[in-house]
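Using the sequences and the hints, build the whole thing.
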Amino acid sequence: MTAIKWNDQQPIFRQLKEKVVELIIDKEVSEGEAVPSVRQVAADYQINPLTVSKAYQELVDESILEKRRGLGMFVTESAREKLLESEKSHFLDIEWPKILQRIERLGLSIQSLVNDKQTQVEEK
Amino acid sequence: MTSLIQANGLSKSYGSHQALKSVDFSVKRGRIVGLVGPNGAGKTTILKAILGLTSYDGELKVLGLDPARQRHQIMQKVSFIADVAVLPRWLKVSDAIEFVANVHSNFREDRARHFLSKTNIPMKAKVKELSKGMVAQLHLALVMSIEAELLVLDEPTLGLDILFRKEFYNQLLAEFFDEGRSILVTTHQIEEIENLLTDLIFIRDGKIVLDATMEDVAEKYIEVMVSKDDAEKAEALDPVMHRDVFGRRVYLFEGVSREQLEPLGELHSPSVADLFVAKMKEGK
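Chains as they are written, first to last, in our numbering: chain P, 6 to 129; chain C, 352 to 635.
It is possible that part of the hints are untrue.
[Stated by the list, open to error] With a straight-line cut-off of 25 Å between C-alpha atoms, the simulated DSS-like cross-links for lysine-lysine are: (1) 10/P <-> 571/C; (2) 87/P <-> 103/P; (3) 10/P <-> 24/P; (4) 59/P <-> 571/C; (5) 59/P <-> 379/C; (6) 10/P <-> 59/P; (7) 517/C <-> 24/P; (8) 59/P <-> 24/P; (9) 59/P <-> 517/C; (10) 517/C <-> 10/P.
Derived from the structure by calculation, the hints contain no laboratory data.
Structure follows, in structure tokens:
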């Protein structure tokens with residue numbers, strides 16, 4: 006994992022959790038693969054082990070990670086599918102309406118943006 | 352026993368000067384506690400009392416024992432790095448390991464050798480030939496090899512460069528700390544370890560002015576940057592402090608709910624350093 010610049014608007018455990026989610030969605034960590042131990046992550050980022058445990062525990066509760074006794078923490082087989090599903094609905098329910106609002110406020114039209122994008126793709 | 356340290360009405364006077372004015376606090380197992388205060392606030396006096404190095408009034412239990420009278424037993428399970436990390440200059444690294452192995456029953460020599468093998472410190476070198484950072488590494492290797500339940504660190508990284516400082520805490524987390532042990536640390540470089548801490552204690556003029564878990568701190572203290580138009584509304588909520596940034600005002604609130612503050616602007620958690628400044632100025 007690369008360095009993370011923490012922001013002060015969200016608890017670190019939540020930012021760490023989002024980082025792990027990102028890694029899984031981007032296939033940096035595959036399903037069935039182990040994630041670094043709590044101790045390792047704590048030492049690498051100089052954060053408290055409890056913070057790391059808390060992030061991992063929430064991901065376990067959401068069936069994104071699973072504990073294997075004596076072996077550590079692993080990405081579940083259906084993790085990526087689940088995450089994509091929830092990220093998509095988060096985008097559609099929360100992010101997209103905001104983007105839409107901004108497009109309208111700037112006097113742009115969705116249609117022309119889509120057309121521009123298509124021409125760009127075709128030109129490549 | 353969940354509390355490794357329990358202090359009730361701990362007091363200490365040097366002549367007419369009261370260095371500690373009846374402080375109460377506890378350190379539970381599996382915690383990393385930051386003890387923060389300006390010079391002369393009483394930090395070192397607290398540490399000395401815990402380590403049985405000074406007399407005191409009031410009640411103090413370390414691992415359930417009395418540091419003034421049971422120091423020998425306590426030191427089997429407590430280790431310590433002082434701000435003046437002194438090791439005899441003529442001592443060889445290998446002799447240092449041998450010495451601690453002979454005097455300390457809970458010292459694991461193989462661990463110390465393992466830690467040192469990962470550094471550039473030669474076994475045959477004398478302490479006087481090592482850099483300041485290396486001496487700190489050697490000290491840490493010795494201390495981490497003691498099967499201690501409580502580790503007391505008094506400005507452990509003073510005078511070290513940033514690489515050594517990071518390495519120091521990295522080692523502590525990777526090789527020493529676990530839920531069975533606790534670390535009590537004082538440092539002026541608080542911003543470097545604030546994410547490491549589970550608990551925070553501020554001390555000022557011999558009194559504890561803040562004692563909370565980091566979770567509680569995050570919940571209780573909120574910073575909001577407020578535009579001029581909303582300044583009056585912010586003032587009405589009785590902020591503990593404010594500072595001006597780019598013509599806007601950043602207010603620090605204590606115990607005001609997020610719901611009440613959200614309309615005023617974006618909410619942030621104050622850094623421990625900012626919180627410290629606020630707490631030290633409070634009422635002055």
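So, going through the hints one by one against the coordinates:
1. 10/P <-> 571/C: Judged against 25 Å, a Cα distance of about 23 Å means the pair holds.
2. 87/P <-> 103/P: The given pair, whose Cα atoms are some 24 Å apart, holds under the 25 Å limit.
3. 10/P <-> 24/P: At roughly 11 Å apart (the allowed maximum being 25 Å), residue 24/P and residue 10/P satisfy the hint.
4. 59/P <-> 571/C: holds (20 Å)
5. 59/P <-> 379/C: Holds - the C-alpha atoms of residue 379/C and residue 59/P are around 19 Å apart, at most 25 Å.
6. 10/P <-> 59/P: holds (19 Å)
7. 517/C <-> 24/P: holds (22 Å)
8. 59/P <-> 24/P: holds (14 Å)
9. 59/P <-> 517/C: holds (23 Å)
10. 517/C <-> 10/P: holds (16 Å)
Every hint from the earlier list agrees with this structure, and none is contradicted.
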